[in-house]
Amino acid sequence: MAKSGDGAKSGDGAKSGDGRRREIVPTITIPIGPIHPALKEPVNFRITVEGEEIVDVDVRSGYNHRGIEWLGLRRNWIQTLYLAERICGICSWVHPFCYTQAAEDACNIEVPERADFIRVIIAELERIHSHLLWVGIAGYEIGYDTILHITWQVREKILDLLEFLTGNRINYGMGMIGGVRRDIEEKHILKIDENLKYYKEAADQLINIGLHDKTIEKRMKNCGILPRKDALELSILGPTTRGSGVRKDVRQDEGYAAYGDIGVKAVVPQDILGSVTGDVFDRTVVRLVELKQSVEIIENALDMMPSGPVMYEKKPLKLIKQMQKESGEGIGMHEAPRGEVIQYIRADASDKPARWKIRSPTINNLLACRPMLLGDQIADIPIVVASIDPCISCTDRVTIVERDEKRSKKKEVLFTMQELRGRFKRKVFV
Amino acid sequence: MSSTRSAEEVHEEFRKNFGEEILHSYLQSRKVGKKERELKRVWIRISRAKFKDAVRFISKIQDSPHLCTITGQDLDEEIELIYHFSIFYGEPSKEIKVMIATRAPKNDLKFETITDIIPGAILYEREQQDMLGVKIENIPDSRRVILPEDFPDGLYPLRLDNNGISDGDKLVKYGKKW
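Protein sequence lines correspond, in order, to chains A and B. Note that this note's numbering has the first sequence beginning at 1, numbered continuously upward. Note that this note's numbering has the second sequence beginning at 1, numbered continuously upward.
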């Protein structure tokens, strides 16, 4: 708050008696995380405070190293694709998207035109669900749970749509080197259209709430400011850097897959609000407007989608055989909901990658926490940290497995989502 | 904002400025979408002595170039670090990814830090120290970032030699906790 210069009345008060008060108030270091109710991922912030004001921030991670890159070097091309999908539960399309692009680059595999459009559609559907999830969490972090309930209810529909398109609510299993595994047919397009109409209205409503709600304004404005200069120097990514007014969006800059044909423009607060502060509010507005942008991208993609095959090679074994002959290196990137994901693959004529490097956006965005938090107050920590949208690798629901005692003790019964909902209703409301 | 150039021009500029210090370089291009556009990447492998000059050179081409990441890999005799930069971002389909790679033999694993040019490189440099056991000289903060603090010393997960973790290894043998 002190950084904002105005509206920081308590900060000004403290400064008038500056010299003396600073000597009296001792600095205390507060650890937040790796396990903390406000941060649901294993990361540790050591925050040094003087009274209520934050004067130093240190971030530590490494509490949950899973060795995915190491594992990837010991599995063949197709098995690694499945592993890539399981890096994150929320971004479960971005990693296979990057992996397939990098592998195609390294092994000279051409992707059919239609597949590039389907990839874009899935990616944008995922962005909608991820941003809705984030807006809910942001509402929750500022104690405004109504937002959480509204957005997560709205989000349910997109998960159902993804299930209809791919068979799964998360971990869609759509990716394949040289294309996608399932085509989007006429029945799918009808359902997508229906949902897009709903989401257009929902996005408008949410933008209206975001721009005009008093609670949001009071909690989010002038807090967690990331200056444009810091965002550029620290190589910050995604909505976090766009919130500071940097026009950086890989979809726009690179135009990979079908994004270049569709045409994407980076969403920055100066276009919407007229000015940039780089605070939590700006980042929220960027994400809300991106909801609407995603809907438009999907509409355009459906219009422009050419017909044709969706896969380069249908038989995985034949594909691996072909990839075994190739050697080279390539990178794949995608603007994930949290920022740019980039992967590097080197192939050296074997059935598995010789090096597979993954960079997810949160690692660098954590650097942004320091300039954001300095000078802010302790109460702002949860929302400021949440505003970079740290990737919490969690899945939002598990299918309950129950043993069917009557028939056989070993048989397991899997419920569909529909049955689960019915079940949940009965138990709670009757 | 510096004026944008094509990938070929950037490639040519590097070759002109660094001449024989560039060990290997090539342009990679790939048609995407409706096959009307090409994604272009510039790959440059440069000697270790001139590497930092190359990074300075790229920050002259673009003010605050975006460092995407650093990839480290074990190539039997040597360790290679690839720095992925994006330049000319901010305009539709103008961005070029420039990969600058440099190598060091395993008996002298020292690289210079680039945090004085690009402060955002710090986490990636720390990551390389963790995973491959390279030494980044003059790094402002050399604590671990990817691996847990109590991970055994001298063990680097992505090394393919004896210092790495091989297939049958169980981490139990390296200490009580593991």
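Take these hints with a grain of salt, some might be off.
Okay, the calculated beta carbon distance ranges per label pair [what the hints assert, rightly or not]:
no., chain 1, residue 1, chain 2, residue 2, range
1, B, Pro148, A, Gly89, 30 to 36 Å
2, B, Ser166, A, Leu190, 51 to 57 Å
3, A, Pro316, B, Glu78, 30 to 36 Å
If you're looking for bench data, these hints aren't it; they were derived computationally from the structure. The structure displayed is predicted, hence computed values, not measured ones. Yeah, the Cβ is synthetic: ideal placement off N, Cα and C, and Gly gets one too.
How the hints compare with the structure:
no.: 1; hint: B/Pro148 - A/Gly89: 30 to 36 Å; verdict: violated (22 Å)
no.: 2; hint: B/Ser166 - A/Leu190: 51 to 57 Å; verdict: holds (53 Å)
no.: 3; hint: A/Pro316 - B/Glu78: 30 to 36 Å; verdict: holds (34 Å)
Hint 1 from the list above is the single one not met by this structure.
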